[in-house]
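There are 2 protein chains.
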Amino acid sequence: MPVATAPSQRARVRRAPSRAAYDRDAIDAILDEALVAHVGFAVDGQPYVIPTLHARAGETVYIHGSAASRTLRTLATSAPACLTVTLLDGIVLARSAFHHSMNYRSVVVLGEARPVDDPAEQLAALEQFTERLVPGRWGEVRPPSAQELKGTRVLAMGLDEASAKVRSGPPVDDEEDYASDAWAGVIPLALTSGAPVPDPRLDAGVAPSPCVQRWEPVARRAAR
Amino acid sequence: MPVATAPSQRARVRRAPSRAAYDRDAIDAILDEALVAHVGFAVDGQPYVIPTLHARAGETVYIHGSAASRTLRTLATSAPACLTVTLLDGIVLARSAFHHSMNYRSVVVLGEARPVDDPAEQLAALEQFTERLVPGRWGEVRPPSAQELKGTRVLAMGLDEASAKVRSGPPVDDEEDYASDAWAGVIPLALTSGAPVPDPRLDAGVAPSPCVQRWEPVARRAAR
Chain A
1 MPVATAPSQR ARVRRAPSRA AYDRDAIDAI LDEALVAHVG FAVDGQPYVI
51 PTLHARAGET VYIHGSAASR TLRTLATSAP ACLTVTLLDG IVLARSAFHH
101 SMNYRSVVVL GEARPVDDPA EQLAALEQFT ERLVPGRWGE VRPPSAQELK
151 GTRVLAMGLD EASAKVRSGP PVDDEEDYAS DAWAGVIPLA LTSGAPVPDP
201 RLDAGVAPSP CVQRWEPVAR RAAR
Chain B
225 MPVATAPSQR ARVRRAPSRA AYDRDAIDAI LDEALVAHVG FAVDGQPYVI
275 PTLHARAGET VYIHGSAASR TLRTLATSAP ACLTVTLLDG IVLARSAFHH
325 SMNYRSVVVL GEARPVDDPA EQLAALEQFT ERLVPGRWGE VRPPSAQELK
375 GTRVLAMGLD EASAKVRSGP PVDDEEDYAS DAWAGVIPLA LTSGAPVPDP
425 RLDAGVAPSP CVQRWEPVAR RAAR
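Protein sequences, first through last, are from chains A and B. 33 is the number that the numbering used here gives to position 33 of the first sequence; each next residue is one higher, with no gaps. Just add 224 to the spot in the second sequence (first one is 1) and you have the numbering used here.
Since the hints were derived computationally from the structure, they do not count as laboratory data. Some hints could be false.
Derived list of chain A stretches under chain B, where covered just means 3 residues or more per stretch with a C-beta under 8 Å from a C-beta of chain B [what the hints assert, rightly or not]:
#1 18-32
#2 45-54
#3 60-71
#4 77-86
#5 89-103
Derived, one-sided and incomplete: chain B residues facing chain A with beta-carbon distance under 8 Å [claimed, not checked]:
#6 Val237
#7 Gln270
#8 Leu277
#9 Ile315
#10 Ser330
#11 Val332
#12 Val358
#13 Glu372
#14 Val390
#15 Ser392
#16 Ala406
#17 Arg425
#18 Trp439
Every value quoted in this text rests on a predicted model; they were computed, and no experiment measured them. C-beta atoms are modelled at their ideal positions from N, C-alpha and C, and glycine is treated no differently.
Work out the full structure, taking the sequences as your base and the hints as a guide.
Structure below.
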């Protein structure tokens, strides 16, 4: 059942509040399906929005990157941050230009990013990045070296100030426009995967492992 | 030919600068293919990142929304802003966990949003929102009424402080890891469209118009 109450005033969805959801299941499902997040932070008053991978584990969403990255260095100072993911589900074609819209599912997480300094939590988060991307992959590849761990910064954001927003279904037109002879409806959109492309340096005859062969956005979702 | 020089110090790509591009063709192509942008702004020091549609026309990228929206109201005060779009092209599977990556194309636009007050520019921008989404659609639907125009705020950002970042191609592994027997390569990703779903209130027998029938991300690109 959707939770209709925002966890904080600033996490409340302002526009079209009927599309808002604040329950963890809705939020988790969107975060887990999205392959990329957009993280916002400010430097000298200028906002920056940077695409980055994210990985949720329980009540926490992790991001990571080079310890030298400005994004990571800025966020590691407990600067206020915002992490947003958006899934596009369709183009909504209404009978008026005004009511054209998108079907989408998005999550906005507000808060501060906590640097992950505990080596066990860092390694578990890195495993989660690989596993959430391609379940089963972590066991097939070389794990991080001490030097790689040292050069990688992991940050954690709590999900206590998260909100989801969802639009689905057909267009909603003004009543008088339903007499229009224009076609109206939805063009569905989905992120899909193609056949795996082997690295040119891979020995011929090395087949994709099962976790690669079976990868697709929906299977990935089901595997979680 | 890629332009290797950033238009400003703050628009310079910091991480992996070899992936950066600053030429308008590269920037325009990414902006035009992306269906959604993430806009960043700050309220009382808290950054917010909100998904929104965008539409480029020449040197300008437009966003729009309800005149009552906090995002639009904040940006209309010439607050510093950042508009980012990201296209996912593939999951890069390396022989080490560390070198896993994504193939992507992204654009970051820095600057201030200018409120569009000229009615002709506002209407042209709204036409561009519809036409860039589904080329040919504007002529099929009811144009905006005076009341709808009054309730819609259009903002414009210049592209003079824009940068693109692109990763493509196979994984790049540490030399000693190429002896690994793990499969390595890329799982291609693309946004794809399904068969149009008619509005339940549409008269049976009304077929999708040609612009709806032929819609697909790549055709949309080619049609521009």
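Outcome of the hint check:
no.: 1; hint: 18-32; verdict: violated (count 0)
no.: 2; hint: 45-54; verdict: holds (count 8)
no.: 3; hint: 60-71; verdict: holds (count 6)
no.: 4; hint: 77-86; verdict: holds (count 6)
no.: 5; hint: 89-103; verdict: holds (count 10)
no.: 6; hint: Val237; verdict: violated, 10 Å
no.: 7; hint: Gln270; verdict: holds, 5 Å
no.: 8; hint: Leu277; verdict: holds, 7 Å
no.: 9; hint: Ile315; verdict: holds, 6 Å
no.: 10; hint: Ser330; verdict: holds, 5 Å
no.: 11; hint: Val332; verdict: holds, 7 Å
no.: 12; hint: Val358; verdict: holds, 7 Å
no.: 13; hint: Glu372; verdict: holds, 4 Å
no.: 14; hint: Val390; verdict: violated, 12 Å
no.: 15; hint: Ser392; verdict: violated, 11 Å
no.: 16; hint: Ala406; verdict: holds, 5 Å
no.: 17; hint: Arg425; verdict: holds, 6 Å
no.: 18; hint: Trp439; verdict: holds, 6 Å
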